[in-house]
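S.K.: For reference, the chains in residue letters:
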Amino acid sequence: GQQVMQIPQYQHVQEGEDFTTYCNSSTTLSNIQWYKQRPGGHPVFLIQLVKSGEVKKQKRLTFQFGEAKKNSSLHITATQTTDVGTYFCAGHGGATNKLIFGTGTLLAVQP
Amino acid sequence: GAVVSQHPSWVICKSGTSVKIECRSLDFQATTMFWYRQFPKQSLMLMATSNEGSKATYEQGVEKDKFLINHASLTLSTLTVTSAHPEDSSFYICSASTSDGPHEQFFGPGTRLTVL
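Residue numbers (this note's numbering), protein chains in the order written: chain A, 371 to 481; chain Z, 17 to 132.
Just so you know, these hints were derived from the structure itself, not from any lab.
Where hints are given, some of them may not hold.
Below are the SDA-like pairs computed for lysine to any residue, each with C-alpha atoms no more than 20 Å apart in a straight line [what the hints assert, rightly or not]:
| # | chain 1 | residue 1 | chain 2 | residue 2 |
| --- | --- | --- | --- | --- |
| 1 | A | 429 | A | 414 |
| 2 | A | 468 | Z | 74 |
| 3 | A | 468 | Z | 70 |
| 4 | A | 468 | Z | 59 |
| 5 | A | 406 | Z | 83 |
| 6 | A | 429 | Z | 71 |
| 7 | A | 429 | Z | 74 |
| 8 | A | 468 | Z | 28 |
| 9 | A | 427 | A | 468 |
| 10 | Z | 82 | Z | 43 |
| 11 | A | 440 | Z | 59 |
| 12 | Z | 57 | A | 388 |
| 13 | Z | 57 | A | 437 |
Beta-carbon label-pair distances, calculated as ranges [said to hold, decoys possible]:
| # | chain 1 | residue 1 | chain 2 | residue 2 | range |
| --- | --- | --- | --- | --- | --- |
| 14 | A | 429 | Z | 30 | 23 to 29 Å |
| 15 | A | 371 | Z | 55 | 36 to 42 Å |
| 16 | Z | 21 | A | 425 | 16 to 22 Å |
| 17 | Z | 57 | A | 371 | 41 to 47 Å |
| 18 | A | 421 | Z | 130 | 24 to 30 Å |
| 19 | A | 437 | Z | 25 | 38 to 44 Å |
| 20 | A | 478 | Z | 76 | 29 to 35 Å |
Interface residues of chain Z toward chain A, partial, derived using beta-carbon atoms under 7 Å [stated by the list, open to error]:
| # | residue |
| --- | --- |
| 21 | 59 |
| 22 | 90 |
| 23 | 105 |
Values in this document were obtained by computation on a predicted structure and should not be read as measured data.
All residues carry an ideal CB built from backbone N, CA and C; glycine is no exception.
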């Protein structure tokens, strides 16, 4: 079945350093979504990318969707302690409304 | 934005009992609702997809007789964990979508189930 992997599993950075998580799908995705889950909380929608090669920015966060629509990345510039949490990518394969979540990357930020 | 609530937020029960979890879309009509399970330090695993008025579609490996899903209206879906056992202890999260096809899902706050 369809699998969505993320690397790294865990990243520990000093506040102010940059952070990137990579998402790879075994199949082509119709879109990719990114979610953030704080410890003890539920996933919160961050963004959706639809077009091949699309790049979107939200303040210090930059999201990319690969040309082949099988991979994506999230880059955070100058991390802050409020960025702590697990970042999940999630994708729809084809026309289905079923969302397959990636394995997640846990970000720890040391002040 | 769209709000999804879940009730209860946490529940502790004895082994062998059944537990019902409610998922409500508060300010929109949810064509489709999804139920996920998340074990500690793991990703969300889709359990089933439910459309209002029809039977839920379960993912491979999820027992439909153990995890009963009812989607009686466009704003309410329920998940009942029947004859719960300690291995069913997990974080159960629902989400709702306003349309068919690949769209943003709005997640509920989750229900933490502990089975003793």
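S.K.: Now tell me if each hint is right for this structure.
M.R.: Quick rundown of the hints versus the structure:
1. A:429 to A:414: 17 Å, holds
2. A:468 to Z:74: Holds, because 11 Å separates the two Cα atoms, which is no more than 20 Å.
3. A:468 to Z:70: Distance of about 16 Å is within 20 Å: holds.
4. A:468 to Z:59: This hinted pair holds, its Cα atoms lying about 15 Å apart.
5. A:406 to Z:83: 27 Å, violated
6. A:429 to Z:71: The given pair, whose Cα atoms are some 42 Å apart, is violated under the 20 Å limit.
7. A:429 to Z:74: Violated - the C-alpha atoms of residue 74 of chain Z and residue 429 of chain A are around 38 Å apart, more than 20 Å.
8. A:468 to Z:28: 30 Å, violated
9. A:427 to A:468: 25 Å, violated
10. Z:82 to Z:43: Since the Cα atoms of residue 82 of chain Z and residue 43 of chain Z sit roughly 30 Å apart, the hinted pair is violated (cutoff 20 Å).
11. A:440 to Z:59: Distance ~19 Å between residue 440 of chain A and residue 59 of chain Z Cα, so the pair holds.
12. Z:57 to A:388: 23 Å, violated
13. Z:57 to A:437: 31 Å, violated
14. A:429 to Z:30: 23 to 29 Å: 47 Å, violated
15. A:371 to Z:55: 36 to 42 Å: Check failed, 19 Å falls outside 36 to 42 Å.
16. Z:21 to A:425: 16 to 22 Å: About 34 Å separates the Cβ atoms of residue 21 of chain Z and residue 425 of chain A, which means 16 to 22 Å is violated.
17. Z:57 to A:371: 41 to 47 Å: 22 Å, violated
18. A:421 to Z:130: 24 to 30 Å: About 43 Å separates the Cβ atoms of residue 421 of chain A and residue 130 of chain Z, which means 24 to 30 Å is violated.
19. A:437 to Z:25: 38 to 44 Å: Given about 42 Å between the Cβ atoms, the range holds.
20. A:478 to Z:76: 29 to 35 Å: Once the Cβ atoms are compared, 34 Å apart, the range 29 to 35 Å for residue 76 of chain Z and residue 478 of chain A holds.
21. 59: 5 Å, holds
22. 90: 15 Å, violated
23. 105: 16 Å, violated
In this structure, the hints that do not hold are numbers 5, 6, 7, 8, 9, 10, 12, 13, 14, 15, 16, 17, 18, 22 and 23, in rising order.
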